[in-house]
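Chain D is already provided as a structure; the job is to place chain H on it using the hints.
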Amino acid sequence: MRFSRVLRTGALVAAVGLTLAACGQPNSEEDANKSLVQRAEDNGALTIGVKIDQPGLGLKKPNGSYEGFDVDVAKYVAKELGVEEGDIEFVETPSAQRENMIQKGDVDMIVATYSITPERDKAVDFAGPYFLAHQDLLVREGDNSIQGAEDLNKNKKLCSVKGSTSAQNVRDDFAPNAQLQEYGGYSECLTGVENKAIDAMTTDDTILAGYAAQQPGKFKLVGAELSNENYGIGLRQGDSEGKQALDEAIQKMIDSGEWKKAAQKHFGPAGYEVPEPPTVGEVVE
Amino acid sequence: MFDFLTEYDILGAFWVTVQLTVYSAIGSLIWGTILAGMRVSPVPIMRAFGTAYVNIVRNIPLTLVIIAMSLGLYQTLNVALGGGTITTTNFRLAVLGFVLYTSTFVCESLRSGINTVSVGQAEAARALGLNFGQVLRMIVLPQAFRSVIGPLTSVLIALTKNTTVASTIGVAEASLLMSEMIENESDVIGLVFMTFAMGFVILTLPVGLLMGRVAKKAAVKR
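Those protein sequences? They're chains D and H, same order as listed. Numbers given in my numbering equal positions in the first sequence, counted from 1, plus 193. Numbers given in my numbering equal positions in the second sequence, counted from 1, plus 115.
Looking at chain D on its own, in the form it has when it is part of the complex:
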């Protein structure tokens, strides 16, 4: 009796384990080895990872649709690969899981403020860059005490998202004497700036512009170019055919003027001057 119970429990655990393992890999082995171009052609659909909580870049709206610059880029390149807008499945890709989700095949590609860095390049391939962003500072409209990173050293209170590169840059390089407040999300930082509990918030200017555009007249960007963030489209490592196709699609988007239009639409309202498009294949250090 006792033995059979153990056996039964064991069988149940094994079954659950197998089911979970099967869930972990939605695409078959064969499918995963195909290039992005081939998959788009065969399935007529693509799964694209985006951010869902960043106004101006990737934001999920209450009606379930997505909007933002990243989303527009994703739609454009998908169309170039022969996938219509309606056949794109957008999936949230939190920063910490991006590499993992590409490697597991949960998403075909990721367009989610994904900066190209040497460490990430070891795990995934990048097409692009499709945008060159810079770390910047957001302050209250009318607050002129912060003009650049050096002003932060005057015991200013600065906010960023915990663990982010922007936060580390400030602490280690730009303003080691500034007081750094880290929060789980940008919204908490923004309320802090609004409440005057915090003097400035820092991250990529694209993200800041998105937040500033949400509440016009309350915040402004300082325009300090503190770093270069090359946004690329992440895809599975070794997929050179897919990378080439994406590079061409990005180039076409830039050449056709669609790029400028999308950038103006999403970043323009914040008074953020849309920069020149980057050179595809050239990562600015």
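Errors might be hidden in some of the hints.
What the hints assert, rightly or not - Quick list of simulated restraints, FRET-style, between CB atoms: (1) Gly127/H / Gly341/D: 29 to 39 Å; (2) Leu192/H / Gln430/D: 42 to 52 Å; (3) Leu196/H / Ser449/D: 52 to 62 Å; (4) Val329/H / Glu260/D: 50 to 60 Å; (5) Pro157/H / Arg364/D: 50 to 60 Å; (6) Pro369/D / Gly198/H: 12 to 22 Å; (7) Asn348/D / Lys331/H: 48 to 58 Å; (8) Asp118/H / Arg364/D: 16 to 26 Å; (9) Gln134/H / Asp366/D: 22 to 32 Å; (10) Leu196/H / Glu441/D: 50 to 60 Å; (11) Ala312/H / Glu234/D: 37 to 47 Å; (12) Gln340/D / Ile160/H: 48 to 58 Å; (13) Val133/H / Asp366/D: 28 to 38 Å; (14) Ala163/H / Gly378/D: 31 to 41 Å.
Just so you know, these hints were derived from the structure itself, not from any lab. Every residue, glycine too, gets a C-beta built ideally from N, C-alpha and C.
Coordinates of chain H only, in the frame set by chain D:
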């Protein structure tokens, strides 16, 4: 492959975790005992307060409690708890949040311990002329504590792991460093995870074993 370990102050981050745990544990033990006393007291308004407090705070997600400390107390009401810099303020706010939250669990564990002490003991004590405070302090609580060391250990271990929530308001403890390492070392995410999981096991396992022994020794033989 493991060179990332030396680049970061992992021990320092875990030291902050330990400090958070210890201060919060002491605070919640004190506040939790007071709450338990209120819940069994003969004064109706104290009983009502204790019951309401436990039932409300226990059912709020911890993340909300901690964020409320920072957004509500610090940002809006400007309560800095005497902390001069953001770092010390956040640490104190986090400890306060953990104490408010964890004390509800301490209170409920302790109350179940109080129930193990037979009514006859309290009655006998009262017959000797001891008042409520004295009965609680000298007769009931000493026995109750001895029987709830096991459950309190679970609360302590849960608290140790709960301290990771402090990273949402920027306390530089282990999980905040983990977020940083995930951001920078995306090619070895699995190893980063394992390092921190190991760290927490190293912290909590000995506590569990030690307290298990203490519980056995201290248990009231009936």
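Structure-based check of each hint:
For the pair Gly127/H and Gly341/D, the supplied restraint of 29 to 39 Å holds, since their beta-carbon distance comes to about 31 Å. Restraint check, Leu192/H to Gln430/D: a C-beta distance of roughly 50 Å satisfies the suggested window 42 to 52 Å. The supplied range of 52 to 62 Å is met by Leu196/H and Ser449/D, whose beta-carbon atoms lie about 57 Å from each other. Between Val329/H and Glu260/D the CB atoms are about 58 Å apart, so this pair conforms to the stated range of 50 to 60 Å.
Separation of Pro157/H from Arg364/D is about 55 Å and conforms to the stated range, judged on CB atoms against 50 to 60 Å. Judged by the Cβ atoms, the range 12 to 22 Å given for Pro369/D and Gly198/H holds: they are separated by roughly 20 Å. The supplied range of 48 to 58 Å is met by Asn348/D and Lys331/H, whose beta-carbon atoms lie about 53 Å from each other. For Asp118/H paired with Arg364/D, a C-beta distance near 21 Å keeps the hint of 16 to 26 Å intact.
Between Gln134/H and Asp366/D the CB atoms are about 28 Å apart, so this pair conforms to the stated range of 22 to 32 Å. For Leu196/H and Glu441/D, the hinted distance range of 50 to 60 Å is satisfied, since their beta carbons lie about 57 Å from each other. Evaluation of the 37 to 47 Å hint for Ala312/H and Glu234/D yields a pass: the beta carbon distance comes to about 42 Å. With their beta carbons about 57 Å apart, Gln340/D and Ile160/H fall inside the hinted range of 48 to 58 Å.
Distance hint for Val133/H and Asp366/D: a CB-CB separation of about 30 Å, consistent with the stated range 28 to 38 Å. Checked against the hint of 31 to 41 Å, the pair Ala163/H and Gly378/D passes, with Cβ atoms roughly 37 Å apart.
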